[in-house]
Amino acid sequence: MIDGMLARLREIVGASGVERDPSGLPRVVPDSTEAMARLFALAHGRNWRARIEGQGTWLSSDAPADFAVSTRGLDRVVSVSPADLVATVDAGVAMGTLRRRLADDGMWLAIDPPGRPERSIGSIVAAGTAGPLRQGFGPVRDHVLGLSVVTGDGRVVRAGGRVVKNVAGYDLGKLQIGGFGGFGVITELNLRLRALPRADQTLIARASRDHLTSVGRDLTEARLALQALELFSPAIAAEPDWILAARIMGTEDGVAAEARRLTSASSLLWQQLPVERASSFWHLSARAVLGGAVTLRLGVLQPGLDDSLDMLAATLDEGLITAGAGSAGGIRWSGEARIDALRALRRTAASREIPMTLERAPWAIRQQLGHFGAYREGVGALVSRLRETFDPGLLLSVALEGDGDAR
Amino acid sequence: MKESLLTGLAAIVGPRWVRHRRAELATYTMDGLPTHESWPGVVVIPGSRHELIDVMKALHASKTPFVARGAGTGLSGGALAEGNAVLVALTRLNHILSVDPASRRAVVEPGVVNARLSEAVLPYGLQYVPDPSSQTACTIGGNVAENAGGPHCLKAGVTTNHVTDLEIILPDGSLARLGSTHGDAWGPDLVGLFVGSEGMFGIACSITVRLEPIPPAVRTMLADFPGIRAASEAVSAIIASGIVPAALEMMDQSCVQAVEASIYAAGYPTDAAAVLLVELDGQPEGVAAEHAVVEPLLRAHGARHVLTAESAADRARLWQGRKKAFGAMGRIAPDLVVQDAVVPRSALPDVLDRISEIRDRYALHISNVFHAGDGNLHPNISFDRRNLELASRVREASREIMTVCVAAGGSITGEHGVGNDKLDYMPLIFDAETLGAMQATRRVFDPGERANPGKVVPIHACREWCASPAARGNGRQQHGSLAEVAHD
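The listed protein sequences derive, respectively, from chains A and B. Heads up, the first sequence is in this note's numbering, so the first residue is 1 and it goes up one at a time. Heads up, the second sequence is in this note's numbering, so the first residue is 1001 and it goes up one at a time.
Treat the hints loosely; a few may be bogus.
As the list claims (entries may be wrong) - Label-pair ranges, simulated between beta-carbon atoms:
{"id": "1", "chain 1": "B", "residue 1": "Ala1432", "chain 2": "A", "residue 2": "Leu394", "range": "21 to 31 Å"}
{"id": "2", "chain 1": "A", "residue 1": "Ala350", "chain 2": "B", "residue 2": "Pro1216", "range": "35 to 45 Å"}
{"id": "3", "chain 1": "A", "residue 1": "Gly106", "chain 2": "B", "residue 2": "Arg1399", "range": "49 to 59 Å"}
{"id": "4", "chain 1": "B", "residue 1": "Arg1092", "chain 2": "A", "residue 2": "Ser280", "range": "49 to 59 Å"}
{"id": "5", "chain 1": "A", "residue 1": "Ala103", "chain 2": "B", "residue 2": "Gly1125", "range": "33 to 43 Å"}
{"id": "6", "chain 1": "B", "residue 1": "Ser1048", "chain 2": "A", "residue 2": "Ala341", "range": "42 to 52 Å"}
{"id": "7", "chain 1": "A", "residue 1": "Asp21", "chain 2": "B", "residue 2": "Lys1057", "range": "51 to 61 Å"}
{"id": "8", "chain 1": "B", "residue 1": "Ile1214", "chain 2": "A", "residue 2": "Asp21", "range": "46 to 56 Å"}
{"id": "9", "chain 1": "B", "residue 1": "Ala1120", "chain 2": "A", "residue 2": "Ser208", "range": "43 to 53 Å"}
{"id": "10", "chain 1": "A", "residue 1": "Ser208", "chain 2": "B", "residue 2": "Arg1092", "range": "45 to 55 Å"}
{"id": "11", "chain 1": "A", "residue 1": "Glu377", "chain 2": "B", "residue 2": "Asp1100", "range": "31 to 41 Å"}
{"id": "12", "chain 1": "A", "residue 1": "Val275", "chain 2": "B", "residue 2": "Asp1314", "range": "35 to 45 Å"}
{"id": "13", "chain 1": "A", "residue 1": "Asp62", "chain 2": "B", "residue 2": "Thr1029", "range": "53 to 63 Å"}
It should be emphasised that the hints constitute simulated quantities derived from the structure, not laboratory data. Just so you know, even glycine gets a beta-carbon here, dropped at the ideal spot from N, CA and C.
Go ahead and model the full structure; you've got the sequences and the hints to work with.
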């Protein structure tokens, strides 16, 4: 049977576009949206279940499937427009590659997601994983102007556009951003860029967790214009103490003034990092998230930060934690955890109106817990119907909801 | 309209709040766009969330189509209802339910007027940023339906960037709670999907919005240019410098002259081909530093003068002219079509030239006032709709302008929505498959297609999508074409 399947797949993407993964599963590597669409139309007709893979640096490639599909072949930076600050890129392009390409033209994509520089932009958008810069530049969705997606039955939907403001039609792209691939495979993205800031300064301070969260509150109250204000646990910072890191961007004079305001608004001893060290600090902390097999995020605002960090420590552990100490909030935890403990955390969090999203975990955990869960009133039914609309055969092997946990 | 339905609605909201006499309905036959008029069968005005839910259940039970309406300030014919539909006016649901300054959140009913929310949170030093020009009248519920923008959305984003949590009533009368107060959702981003759905997915009965601190320093500049192309190029230069102003607005000579001849006169130079309003905000030192970059850029691109507002009163005066420009255009002709399109910023100079050429060819009066920073154009055509030949030229010119904007890589609407005005333009920017996806998504929320029927998605241009199981359960054909389904 597998030989017949491989032959059919090769007809779609060519011999070089079909390989076998270490377990022998066929892995298809289409090089265009159209090839991806033909592949899924075929799979839908044959009832083949698909596992979506990017560069393989974030989510483990372990979802059960009849074949794997990788976005690695979608690797073109299609166009970059410095005048309009818009880039069109394939979903398989690595974040690090894109960052370098944009910097050549004096631009950047103002996101700093967790993971390695090799992580694909498609993975970042599909998982909706924002980093510390969400404080200044918003969540991942704010950076996506349009996208192309191939649905589970091989249709191509082109949502949004290439302009920064656009309300034509329903905003279908929002369903895909942070949809974990449950509504299709993102193949191409139009991204909103920014001109590189004239000045970019990072300052860090060390203290106890409680002290730093309280400083975060004071700084928010004082309305400092910080692009990031992130708290790092000792384990993630590889330091004996918790660290609070602030990032300030803008004109030279503006940044210098804001840095002075930061140091005078709190009793902390702030250390300004030289450019090279600042860059490696942010990159290493993004990568350190991968230090545990499970990563989850909690939607929590600053007033609830202390309680939520206590809840995490009590239910899981005080492992690899980053938390937004500014107005944007949000906590990300990585580590090792049993399903029971994760389920207990989701339940406790839900009772405090805090959503918990499972960002990455081995399939055994994803399957039972789901990326999402503890839906609020009416949401489960809508999500099910949307899935059936965009993946009619439910052939995308994605555990949006855990077993028996959805509604 | 069935008598039993009228009686049922009156029993829910009280007879006073069910309007069906012709004189009563006249108020609701138009929105801000004078080219579309439609008489609803009946208008019902619920006074509480509970009444609204009961109204929706009654409409569902009788399979009656309905259209939700806020203040009726939309500019795309989106809030108009046909005679077989009930218009659900949400203006009595106008309570600010709670304000949480520490979390910077407010919870409001859909009929709360946009500007009133900012006034209410002012004592906390906070504001609700999206500020459509109609903000003294338009409602937050309408803003959510249209994903409304405004001059200050350049830096801070449009409505979708400021809504975190929605309680919605689905067309079958059931409730769903989308998003979360805390910013991260309990599931996929259904708030993002709902915002901008133009009343076709249901009605938001409770809206949680993000509030932002009022910036400690604001600097507003007025720059005037001898040519509109030079002004456009100045816009691109500012954005390319890495500075994102709070607002970056342009008005052409026709608009400036209309404003200056009106009671909203702001002191704009009437001999300028174009003026730019540039507002910087933030901490005082940061604003001063950005000002030191922006002002020379404006001059380098040909600004004759750059005036910086010295006081809050000066600033308010400069803004008054911009915000009331549409009203001032009432001096030019009795009717005004406010167009809305978006182009890539780099295309602004060429597209504005093309619009001038179209204006001359059709012998029309067009004034441009728009959000230059994000390429969101508003070419406004002044006319008298009683002159049918002139009205026909206005329609033709509007279509040509849209075609030019789309050809430049833009979109047919940046903030006003599609409604029924732009239905025919949708295939210019979306293929049949994507339009089909929109229609299929709408059916997830509204399998009976009773919410704001006939808007946004041109059914005839959709490629067939399998109906969702919910729709199938509703007696729809699984494989019937959308056109057939829509008309069965």
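Hint by hint, here is what the structure shows:
1. In this structure the hint that alanine 1432 of chain B and leucine 394 of chain A lie 21 to 31 Å apart at CB holds, the actual value being about 25 Å.
2. Between alanine 350 of chain A and proline 1216 of chain B the beta carbons are some 38 Å apart, a value that agrees with the proposed interval 35 to 45 Å.
3. Range check, glycine 106 of chain A to arginine 1399 of chain B: Cβ separation about 38 Å, and the 49 to 59 Å hint is violated.
4. A C-beta distance of roughly 58 Å is found between arginine 1092 of chain B and serine 280 of chain A, which places it inside the suggested range of 49 to 59 Å.
5. The supplied range of 33 to 43 Å is met by alanine 103 of chain A and glycine 1125 of chain B, whose beta-carbon atoms lie about 37 Å from each other.
6. Between serine 1048 of chain B and alanine 341 of chain A the CB atoms are about 43 Å apart, so this pair conforms to the stated range of 42 to 52 Å.
7. Between aspartate 21 of chain A and lysine 1057 of chain B the Cβ separation comes to about 52 Å, which falls inside the hinted range of 51 to 61 Å.
8. Roughly 55 Å separates the CB atoms of isoleucine 1214 of chain B and aspartate 21 of chain A, a value that falls within the hinted 46 to 56 Å.
9. Under the hint 43 to 53 Å, the C-beta atoms of alanine 1120 of chain B and serine 208 of chain A, about 38 Å apart, miss the expected range.
10. Range check, serine 208 of chain A to arginine 1092 of chain B: about 51 Å between beta-carbon atoms, so the 45 to 55 Å window is met.
11. Checked against the hint of 31 to 41 Å, the pair glutamate 377 of chain A and aspartate 1100 of chain B fails, with Cβ atoms roughly 21 Å apart.
12. Checked against the hint of 35 to 45 Å, the C-beta distance between valine 275 of chain A and aspartate 1314 of chain B comes to roughly 40 Å, which is consistent with it.
13. Separated by about 60 Å at the C-beta atoms, aspartate 62 of chain A and threonine 1029 of chain B satisfy the suggested range of 53 to 63 Å.
Of the numbered hints given earlier, the model fails hints 3, 9, 11; all others are met.
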